[in-house]
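Participant: Knowing the structure of chain A, use the given hints to seat chain B on it.
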Amino acid sequence: MDNLVNEEEISEVAKLMKIDLEDHSAHIKRVQKMLEYFDILDSANVESEEIIVQETDLDKLRNDKHIPYDKNLLKFLKTYQGKYVKAPKLN
Amino acid sequence: MDLGISALNYVNGIKNNEFTVEEFISESLDHIKQVDEKLHAFLRINDSAIKNAKEIDAKIKSNQNVGRCYGMPISVKDNICIEGSKTTCASKVLENFIAPYTSTVVSKLHSEDVIIIGKTNMDEFAMGISTEFSAYGPSKNPWNTDYVPGGSSGGSGVSVSANECVASLGSDTGGSIRNPASFCSVVGLKPTYGLVSRYGLVSYANSIEQIGPMTKTVEDSAFLLNMIYGIDPNDNTTIDSKNQDYLSNIDAGINGKKIGIVTEMTNSDGLSADVLDANNDAIKTFEKLGANCEQVSLQMVPYTVAAYYTITSTEAGSNLARYDNVRYGYELDSSGFEFNSYISQARSKLGPEVIRRMILGGFVPSAGHAGKYFLKALKVKSKLINEINHVFEKFDFLISPTVPIQPFKFGEKINDPVSFMMIDFNTVTANLTGIPAISVPYKITNGLPIGIQIMSNRLEEHSLLQAAYALEKTVDLPEVPV
Chain A
1 MDNLVNEEEI SEVAKLMKID LEDHSAHIKR VQKMLEYFDI LDSANVESEE IIVQETDLDK
61 LRNDKHIPYD KNLLKFLKTY QGKYVKAPKL N
Chain B
92 MDLGISALNY VNGIKNNEFT VEEFISESLD HIKQVDEKLH AFLRINDSAI KNAKEIDAKI
152 KSNQNVGRCY GMPISVKDNI CIEGSKTTCA SKVLENFIAP YTSTVVSKLH SEDVIIIGKT
212 NMDEFAMGIS TEFSAYGPSK NPWNTDYVPG GSSGGSGVSV SANECVASLG SDTGGSIRNP
272 ASFCSVVGLK PTYGLVSRYG LVSYANSIEQ IGPMTKTVED SAFLLNMIYG IDPNDNTTID
332 SKNQDYLSNI DAGINGKKIG IVTEMTNSDG LSADVLDANN DAIKTFEKLG ANCEQVSLQM
392 VPYTVAAYYT ITSTEAGSNL ARYDNVRYGY ELDSSGFEFN SYISQARSKL GPEVIRRMIL
452 GGFVPSAGHA GKYFLKALKV KSKLINEINH VFEKFDFLIS PTVPIQPFKF GEKINDPVSF
512 MMIDFNTVTA NLTGIPAISV PYKITNGLPI GIQIMSNRLE EHSLLQAAYA LEKTVDLPEV
572 PV
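If you read the protein sequences in the order shown, they are chains A and B.
With the numbering used here, the residue at position 11 of the first sequence is 11, and numbering never jumps.
With the second sequence counted from 1, adding 91 to any position gets you the numbering used here.
This is chain A alone, in the form it adopts within the complex:
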């Protein structure tokens, strides 16, 4: 169990993922169990395997040009105020 993520680490990761957890213990055991199961990957013997990368040809990409969008997307924002998007302050 030594290599398992602990509550402190979960708290840190949750903070990085911007998730507010009032009670980390509600998740810790379950996340630990999942990670413990992921240890099975150690026995897959894949160290020398090359990772296959999903490639997309440049000619398959959309043309790099402006496509007009006539719908008012801003109206979908909950925090739209006047002509501004209302967002929380940055420190």
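Read the hints as simulated data drawn from the structure, not as lab findings.
One or more of the hints may lead you astray.
What the hints assert, rightly or not - A short, non-exhaustive set of chain A residues, derived as facing chain B with CB atoms under 10 Å:
id, residue
1, V5
2, I19
3, E36
4, K71
Think of the CB as a built atom: it goes at the ideal place given N, C-alpha and C, for glycine as much as any other residue.
Facilitator: Okay, now just chain B, sitting in the frame of chain A:
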């Protein structure tokens, strides 16, 4: 009126003036009213369905061109966008999100005069296999409402199984179409990665997920696939399948075809005896139909569930980062909040499974842990792809039970994350390798369904559907007890 008819029989019924679109839609809505309080397949019903039906009836009456669906009622999983209507992904975070554009699959079906009768329930952001993680409560299995319907496209499976609609669209990241198809006794097809556009599908793990049909018959899946596949400039992962007609020669049979029985999927610890019996029976059926079946080993299969959850959690961590309550979200005044604390507060509405996957998604690719988890998972995926490529040099199809167990009772698995994950054991291989796979209803044992999974090489949906059709024609299942 028989609401249990297939999509093709619905179309014939309209063409032969046996009923009007309005009559069928009206009766479907009445049926939904009667049964959905108990089954909870739907999150929302389309209020304009009758109006849409009248418009299509008018087109038919005045001999105008009518699309191939002739007003056929289908349901759509609530992670597929339709402009101007809610798309919640069964999450409280998106409770009031109105989609500003329509997904390519729905646009294609609209152009064929389909009627979207409603949006279906699912596990929140498609993370789950039972709909128990829906923020709006679970759907119930129509074969026995004490049991889960499977997931994450559980609402779609229920809606088709309980004859609330003719067909449905689901999405499949690790079995989310095939699992509920198996649990609800309907056909579920996960197409080749790239065959169907994902434009307008809310992303969970975009490198492996696909939209696909859930239907009453294999022919109906071919019929729907004909209308939704194709290259889409809005999704650069879409691929050319050379104008296939998946319905043509669907009855070609499988005489002389080679079928590999995946050893690791038919001797795993969690496999139930009843499910194994059904799979063995299906193999005998295929042999009687002239196929040659033999065991084949895919050595990476025991590692696929761990690889799948590592990769999908990582992608989920990235894809769900957009839910910051500024671009998407609900009413929560940002006054007084610092930026990060505001987002954290807003995300407290995410359900427990989504939170856990986001934590995993932050952890497994992080510096210090990526080598142990994420990179190894990618290597397992690569080795599995090589194994699959090698196997399909010899075999036409692979066969396994779709799910190692039958539907289980609500609450039975939810507290044991590992046994919950292992339910995906037979389905994730198709997602990690991009191959198509279909679940065919095969047996009802102890009053609950068992589905058989057939997989083929990439873009071989045509022959895959022929094999599925051949198997389907050998079974005679009881009516769903709704």
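Participant: Evaluate each hint against the coordinates.
Facilitator: Hints versus structure:
{"no.": "1", "hint": "V5", "in the structure": "holds, 6 Å"}
{"no.": "2", "hint": "I19", "in the structure": "holds, 5 Å"}
{"no.": "3", "hint": "E36", "in the structure": "holds, 8 Å"}
{"no.": "4", "hint": "K71", "in the structure": "holds, 6 Å"}
No hint from the list above goes unmet by this structure.
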